[in-house]
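**Student:** Can you build the whole structure from these sequences, using the hints too?
2 protein chains.
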Amino acid sequence: MVASEFVSELRQRYGIEFRNLALLDEAFTHSSYVNEHKELGLKDNERLEFLGDAVLELTVSDYLYRKFPDLPEGQLTRMRAATVQTRAFSAFSKEAHFDQYIKLGKGEENAGARQRKTLLEDLFEAFNGALYLDQGREANIKFAEQIIFPKIDAGQFSAAMDHKTALQEFVQQDGEVEISYHLLSESGPAHDRQFQVDVTVDDQVLGTGFGKNKKAAEQAAANDALLKLKA
Amino acid sequence: MVASEFVSELRQRYGIEFRNLALLDEAFTHSSYVNEHKELGLKDNERLEFLGDAVLELTVSDYLYRKFPDLPEGQLTRMRAATVQTRAFSAFSKEAHFDQYIKLGKGEENAGARQRKTLLEDLFEAFNGALYLDQGREANIKFAEQIIFPKIDAGQFSAAMDHKTALQEFVQQDGEVEISYHLLSESGPAHDRQFQVDVTVDDQVLGTGFGKNKKAAEQAAANDALLKLKA
Numbered sequence: 001m002v003a004s005e006f007v008s009e010l011r012q013r014y015g016i017e018f019r020n021l022a023l024l025d026e027a028f029t030h031s032s033y034v035n036e037h038k039e040l041g042l043k044d045n046e047r048l049e050f051l052g053d054a055v056l057e058l059t060v061s062d063y064l065y066r067k068f069p070d071l072p073e074g075q076l077t078r079m080r081a082a083t084v085q086t087r088a089f090s091a092f093s094k095e096a097h098f099d100q101y102i103k104l105g106k107g108e109e110n111a112g113a114r115q116r117k118t119l120l121e122d123l124f125e126a127f128n129g130a131l132y133l134d135q136g137r138e139a140n141i142k143f144a145e146q147i148i149f150p151k152i153d154a155g156q157f158s159a160a161m162d163h164k165t166a167l168q169e170f171v172q173q174d175g176e177v178e179i180s181y182h183l184l185s186e187s188g189p190a191h192d193r194q195f196q197v198d199v200t201v202d203d204q205v206l207g208t209g210f211g212k213n214k215k216a217a218e219q220a221a222a223n224d225a226l227l228k229l230k231a
Numbered sequence: 001m002v003a004s005e006f007v008s009e010l011r012q013r014y015g016i017e018f019r020n021l022a023l024l025d026e027a028f029t030h031s032s033y034v035n036e037h038k039e040l041g042l043k044d045n046e047r048l049e050f051l052g053d054a055v056l057e058l059t060v061s062d063y064l065y066r067k068f069p070d071l072p073e074g075q076l077t078r079m080r081a082a083t084v085q086t087r088a089f090s091a092f093s094k095e096a097h098f099d100q101y102i103k104l105g106k107g108e109e110n111a112g113a114r115q116r117k118t119l120l121e122d123l124f125e126a127f128n129g130a131l132y133l134d135q136g137r138e139a140n141i142k143f144a145e146q147i148i149f150p151k152i153d154a155g156q157f158s159a160a161m162d163h164k165t166a167l168q169e170f171v172q173q174d175g176e177v178e179i180s181y182h183l184l185s186e187s188g189p190a191h192d193r194q195f196q197v198d199v200t201v202d203d204q205v206l207g208t209g210f211g212k213n214k215k216a217a218e219q220a221a222a223n224d225a226l227l228k229l230k231a
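Just so you know, the sequences run in chain order V and Y.
Read in order, the letters of the first sequence correspond to residues 1 to 231 in the UniProt record's numbering.
Read in order, the letters of the second sequence correspond to residues 1 to 231 in the UniProt record's numbering.
Please keep in mind that the hints were generated in silico from the structure rather than gathered at the bench.
Hints may contain errors.
Note: identical chains are not told apart, hence a pair may lie in one copy or across any two.
[Stated by the list, open to error] Derived lysine-lysine pairs resembling PhoX-like cross-links, with alpha carbons at most 25 Å apart:
no.	residue 1	residue 2
1	K38	K212
2	K43	K212
3	K67	K43
4	K103	K43
5	K94	K151
6	K164	K212
**Tutor:** The structure is reproduced here in structure tokens:
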């Protein structure tokens, strides 16, 4: 069963008290642990992760919808994508000390899986799935008020509304690179100019875009590059 | 405002009675209508679509999680993806007669947008977003019990659990084609054989896959082909 110090920590830090501790235990059981202890017939946390993913998607969507009453759908969608993603969820998992309590197989432990971002993301989702089953969606909202919403309020994901910033963050994950934008053409009559821009990363063309002004064309080029990089 | 016959129809067919009719009206207002009537300062349904998308994701995930207690996460995810997608949502929109009541601009009307699957999908999401804001998530679940869950129960999306069926459905959207699987190699010791298979569609190789038996390798090849086709 899950460590009693973790049960205390959840109560003290977040006011969360599970009724069904088996659900909490399932959320903190990695498939590698199940595989190494087949004789125990345990359940891994993957089904809870499936459910928690959808719970978090709605929790964040609802919050963004109400917090930004004037933001168009496209920007809400980008903000949501930036919030509901590996880097953010893995950081939340660490903030809540979830990484200290997941049960891993020895092979995965030795391979450093405890600090692997996708594992920590899955764990955050599984925890939220378990919380939802145990106590209903209000409990997920209360937890998000402590761990997710303050980051949204602080603007941590606002860069997502801007493709150029997003491209910069994406390509610089692997170290410093040089990004630059070049005007390729300007065409059309004065009242309906069309600008074409490309974007290079370390001198390699990664995307092109059109727009009614240079700034809009740069944003389109950055978005094009991001879509290609993430494909 | 939204047609009174539609308000009656929602009450009679689905037992749904909106408190705030402005929300229902917003859900049925396409951006093309807003653009053609700028003087009215209307809101289009895109923000509600953003919210409804997440509401439906959780509604379906929760149902699948409970209905299939023994299904592993991968198959749940495929079932969810098959349920929460354009073809399914646009059919639900038509079943509920939503297509008859959306307000479109004249240009889009003439272009046949009223029967466009992506528009009907967005409309289904926007309606669910409005219902959620008006009455809370229980109302979405009740509506889904009438319009979504019976199709899940009838196995309409179960093919998604199987990559070969999914590939067949995907490539045959554009007419009849011939799909075949070929064993390329068998290797490894008897207790740990590895099979490699490719899949061709009209004699063109579209994917390859490995597995511990021929069947598993075929599923992997079909999945590989699907990922490439959808990229």
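**Student:** Against each hint, give a clear statement of whether it holds in the structure.
**Tutor:** Taking the hints in turn, this is what the structure says about them:
1. K38 with K212: between (61 Å within a copy, 20 Å between copies)
2. K43 with K212: Between copies, since 24 Å is at most 25 Å while 55 Å is not.
3. K67 with K43: Classified as between; 17 Å across copies, 38 Å inside a copy.
4. K103 with K43: within (12 Å within a copy, 49 Å between copies)
5. K94 with K151: within (15 Å within a copy, 40 Å between copies)
6. K164 with K212: Classified as within: same-chain Cα gap 17 Å, cross-chain 45 Å, threshold 25 Å.
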